[in-house]
Amino acid sequence: MALGSFVLLLSLLGVLGLGDPGPLEDVVIDRYYIPKICLREVQMGDFIRYHYNGTFKDGKKFDSSYDRGATVAGVVGVGRLITGMDRGLQGMCVNERRHLIVPPHLGYGSIGVAGLIPPDATLYFDVVMLDIWNKNDKLQITTLAKPEHCNRTVENSDFVRYHYNGTLLDGTPFDSSYSKDSTYDTYVGTGWLIKGMDQGLLGMCAGEKRSIIIPPFLAYGEKGYGTVIPPQASLVFSVLLVDFHNPKDGVFLEHLEVPESCKRRAVTGDFVRYHYNGTLMDGTLFDSSYSRNHTYNTYIGKGYIIPGMDQGLQGVCMGERRRVVIPPHLAYGENGAGDKIPGSAVLIFDVHVIDFHNPADPVEMETVYRPEGCNITTRNRDFVRYHYNCSLLDGTKLFSSHDYGSPQEVTLGTNKVIEGLNRGLLDMCAGERRVLIVPPHLGHGESGARGVPGSAVLRFEVELISMEEGVPEGYLFIWHGDPPENLYEQMDLNKDGQIPADEFSTFILTQVAEGKGRLMPSSDPDKVIADMFKNQDRNQDGKITAEELKLKSDEDQEKIHEEL
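According to numbering that gives the first Met the number 0, the stretch in the sequence shown is residues 0 to 563, in order.
If you are wondering where the hints come from, they were derived from the structure by calculation, not from laboratory data.
Hints should not be assumed to be uniformly reliable.
Straight line, CA to CA, 25 angstroms or less: simulated SDA-like cross-link-like pairs of lysine to any residue [what the hints assert, rightly or not]:
id, residue 1, residue 2
1, 262, 310
2, 415, 521
3, 208, 262
4, 549, 462
5, 415, 397
6, 35, 147
7, 515, 540
8, 137, 262
Please build the complete structure, drawing on both the sequences and the hints.
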């Protein structure tokens, strides 16, 4: 056998002399290192890859694969190796180490190899087995971990993002995505991967871990790859599938909790307030409104948010909890966002809708109770007393008049309460109860108020306790009929030509008591009268003269003060 053939076909590391065994009839095998785990042993017809040192009995080295910097590859049991090596390699495991003593008749016999191996030479080999495979081998897939819930698995044409550690069969690492701090991102089944990886990723769930052993003919074959993957090398990949999607995917919705009563669902143009947790498909949290203790507030269907969320919030109910799974082409695409959302990442949002409204919404009113014989109802300028409970639509309590032990008092139509509440208190009877839903543009707007979030829809439970008829805007007192003739003389009770504050107050209270007129309703009528006196006492000298006293109807159109 030629030396070239010998160099290419010798096996595992050679050993120095094991002593003189005398004439040998067969190969002497010393299995001096056997791995604890041996998944496979060399058999006839297997293709193997190994390193070796070859020496004579005196320790003189005649050949070494290490010196050439390349492993030896060949097939066992088909006559391509010397007979002693064929026999000595049988039954070896990957990473096993053997000392072999090959007698001359199982080596190069009485001829030897000119200039290298003398005739009748006993050969000593120290061999380490690196790889074993067979042309009939198939992909070996072992599932190491799998999520409890797996709604979908990888199919051909899917785009996958995965982490991996790649080693040769003997454990030598050749590549790792972890060292690059980035997933490997690619399509499956389109020829962008080696065949074995294309096949090995099929059927995986997001979050699943697999060990994939790929024989050379499904990997890099006879050529290998660069300096890191030798020719005819089996490859072992430990794979963690981070996420995957298909370019044809739309938004996937999972309804986690839907309120029994859902009177209205969000549509394009609605303004939605919601909380969310945003995670990648492997569970990594990238954002949360809860961490900011503030809802995310936006219009839907108008392009203010990523397209997938625009779609995912369509049709939500107030109070609904929904999971929105968004493929990257409807999220942040190939570029990702910042340092927390990688390129081509599938995003999962767990959403809790707090409320929503439309800028065109009116106040919603529901009459819970209305007394029989309700003939007199509230109007703007009326003075009302009412109890209320105010909350957000998720039930969060904000304010209640019951906490103060007395009803709330207000003159309607004077901008003393939010517009939505003012509207909701109109046309009510004493004793009537209502539920009011007030949109933010009729409430506290985008800025909110103390204790009220911006853009919040408010829910009021109101009960009208009492009402007093009001007076027209700009009036503090009105006559029920025509005012008295010679008004100043009648008001000047002691006829001294001037009207001080106490005399003015006595006169007005008398008119009210006799039903001739009424004051603007107020919880403090004395203050109303004091304001009337101040308006008439134009020079502020503490008394009203005949020249100063004027009726409201006599005032110029350019109003400078309020009067009777």
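Right, here's what the structure says about each hint:
About 20 angstroms separates the Cα atoms of residue 262 and residue 310, which keeps this hinted pair within 25 angstroms; it holds. For a cut-off of 25 angstroms, the pair hint linking residue 415 to residue 521 stands: about 13 angstroms separates their Cα positions. With a C-alpha separation of about 45 angstroms, the suggested pairing of residue 208 with residue 262 is violated against the 25 angstroms cut-off. Taking the CA atoms of residue 549 and residue 462, the gap is near 40 angstroms; set against the 25 angstroms cutoff, the hint is violated.
Taking the CA atoms of residue 415 and residue 397, the gap is about 18 angstroms. The hint holds against a cut of 25 angstroms. Of the supplied pair hints, the one linking residue 35 and residue 147 is violated, its CA atoms being roughly 32 angstroms apart against a limit of 25 angstroms. As the CA atoms of residue 515 and residue 540 are separated by approximately 29 angstroms, the hinted pair breaks the 25 angstroms bound. Between residue 137 and residue 262 the alpha-carbon distance is near 58 angstroms, which puts this suggested pair outside the 25 angstroms criterion.
Hint compliance for this structure: hints 3, 4, 6, 7 and 8 are not met, and every other hint is.
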